Amino acid sequence: MIVQLAWKNIWRNKKRSLILVLATCFGVWGGIFTSGFSVGMWEGTIESAIDRELSHIQIHHPKFRDEKLVSQFIPDIDNVRKNLLNEDLISAYSERIIVEGIISSPVSTRGVKIFGIEPSQEKKVTSIYRKVIDGSYFTEDKENQIVIGSKLAEQLKVKLNSKVVLFFQSIDNNLVASAFRVAGIFKTESSIYDASVVFVSREELQSLLGAKDIVHEVAIRVRDVNMIDVVKNRLRANITNVLVEDWKEIAPEYALTRGILYVELNIFMGVILFALLFGISNTMMMSVFERIREFGMLMAIGMKRSKLFGLIISESVMLLFTGGAIGAFLGWITVLVLSKTGVDLSMVTEGLSAYSIPVVLYPKVPLHMYISLFLMLLATAIIASISPAVKAIRLKPVEAMRTF
Amino acid sequence: MSLIEVVNLDKIYDESKVPVHALKNINLKIERGEFLAIVGPSGSGKTTLLNMIGGLDKPTRGTVLINGKDIYKFKADELTEFRLKNIGFVFQTFNLIPVLTAKENVEFIMLLQGVPKVERERRAIELLERVGLKDKINSKPFELSGGEQQRVAVARALASHPSFVLADEPTANLDSKSAEGLLDIMIELNKEYGTTFIIATHDDKVIRRVRRIIALEDGKVKSNERNE
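Going line by line, the protein sequences match chains W and B.
So for the first sequence, the working numbering puts the first residue at 33; every next one is plus one.
So for the second sequence, the working numbering puts the first residue at 76; every next one is plus one.
Calculated from the structure, these hints are not laboratory results.
Do not take every clue at face value.
[Unchecked claim] Here are the computed lysine-lysine pairs in the DSS-like style, where the Cα-Cα straight-line distance is at most 30 Å: (1) W/Lys428 <-> W/Lys396; (2) W/Lys47 <-> B/Lys211; (3) B/Lys99 <-> B/Lys252; (4) B/Lys92 <-> W/Lys428; (5) B/Lys99 <-> W/Lys428; (6) W/Lys40 <-> B/Lys211; (7) B/Lys133 <-> B/Lys150; (8) W/Lys46 <-> W/Lys145; (9) B/Lys150 <-> W/Lys339; (10) W/Lys280 <-> W/Lys339; (11) W/Lys46 <-> B/Lys215; (12) W/Lys40 <-> B/Lys192; (13) B/Lys209 <-> W/Lys423; (14) W/Lys339 <-> B/Lys133; (15) B/Lys160 <-> W/Lys339; (16) B/Lys266 <-> W/Lys428; (17) B/Lys297 <-> W/Lys336; (18) W/Lys46 <-> B/Lys99; (19) B/Lys211 <-> W/Lys336; (20) W/Lys423 <-> B/Lys148; (21) W/Lys339 <-> B/Lys144; (22) W/Lys428 <-> B/Lys209; (23) W/Lys336 <-> B/Lys192; (24) W/Lys47 <-> W/Lys280; (25) W/Lys95 <-> B/Lys209; (26) W/Lys339 <-> B/Lys92; (27) W/Lys47 <-> B/Lys215; (28) B/Lys148 <-> W/Lys339; (29) W/Lys156 <-> W/Lys280; (30) B/Lys209 <-> W/Lys40; (31) W/Lys114 <-> B/Lys209; (32) B/Lys209 <-> B/Lys148; (33) B/Lys211 <-> W/Lys46; (34) B/Lys144 <-> W/Lys46; (35) B/Lys99 <-> B/Lys192; (36) B/Lys252 <-> W/Lys428; (37) B/Lys150 <-> W/Lys423; (38) W/Lys336 <-> B/Lys252; (39) B/Lys215 <-> B/Lys150.
Bear in mind the structure is a predicted one, so any value in this text is a computation, not a measurement.
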């Protein structure tokens, strides 16, 4: 009945309580909507980075990521292959040769990272083949094909079938130059990536390097993202003399920024609730002042101060949770609908692609954000009502009943 | 052992400023089952004495023993618990909880006592029927007349099976008919349950019907006699 009484008490002044419920509702809705947008944007960025280049796990020569020397290829690649084939949790993997080089067209010259890939393998690991906007992602039986990004094509002023020359260092430190014909042009969410990466056949690149069966990078896709750590640890245990890293280790800035984002969003929600704190504190204080005589009576007939304290705190919690629950529900619905339809940001797509952010966002709010929201609501409700509750329990029954 | 024993009770308000000697060396004994009135003009100390007996205010000197226990030796929470279990209160201005129905108001005190829901409801309905409010069980205070609200307050006061009921000017805000009706009920309950009633009043209708009258004047007991 205390809960029932607390609920009835908050509706004594309907207009006042309703204003506070609406303020909480809009605050929480706005917070969830904004959070959904930010999380969707960042998660989308991470997912596209994983799809585009990172994959879930990568294997390298221990020094390759620091020094990027052609000679730092993965030792005992057959053993690596054997382990990858034996791992059920891996859905696909792609072997890559990576060299730093220069691409030259009749008009311009640029520094690029040259990926020698096996297209059939790469298609199962990354999504570049789906981003080809002109031409194709390698055609069988054609030689010297190169697939480049749209930004690079623009900088080099080349188009489909144009001839470009790649310069790079061979395995025995000689300069190699070879002509390729543009077979496909891709466009990803990242204009930086589109300007700096080119793909050629692994077999051709290997031959130009003067090497035999070398691999600088193995990009691995795991069936279930929750099993990335398991797979990584198993590979680390089974394959020695190589560096096995997951995407968070390869691109720590993504994981770090994601962590910071959640902290920022919690602070953002905290600021909204901090503003509400004054409103609810004021409402609770007014509510206590209006009922001083009643509190005096309740203490006189035998209500302990702790119960009275609990009653006032309960009223504040119920008031804030009512608005919070409605706001959270509306926020959840909004995010759910937008996560299905997506939010097209093509109006600002150029600006976004410079930051590798996808054009269409799919807002989402993870469960832990709802939990932390309600914990913050609870804290706000308690903090806001402590002063009014202390005021109430400090009353002396006789004076309270006589004075007011 | 008397139900209530008031021993050398003094109450001085605002001792540091202008002292007001509200009660002066009061000594009283009240037995179980009594139906008595504390009477006197305004300012004579009736309400102050009632507050002292109810453990709502601290005496300057002296004490109050209830069933032989010095209630002013209790800690604050113990005294609240003691009031809950032993004393029923009826106030001049009814003081019901406005958002609860008549039944819920009567139940509330039993809720504080931890009485199970089924028992609470049974006793609340029984008491409300007993005070003639069978049809008003689910009415909120604002839907009841003053007399009806005060009857709910009497039912509430009795709900906790108290040793005694303290009623401060219970008929002050009632018309004659309602006041007589309320008195009838209080007298019947006193006889039926043996509950002691201590009524602070200056209403002749009450004074005529109590069995003992303690008259106060300027904070002192002027007379203490049977009202045959």
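Requested in this report: Hint by hint, work out which the structure violates, then give me just those numbers in ascending order.
Outcome: Going through the list in order, the structure violates hints 1, 3, 8, 10, 13, 16, 17, 18, 22, 24, 25, 26, 31, 32, 34, 35, 36, 38 and 39 and respects the others.
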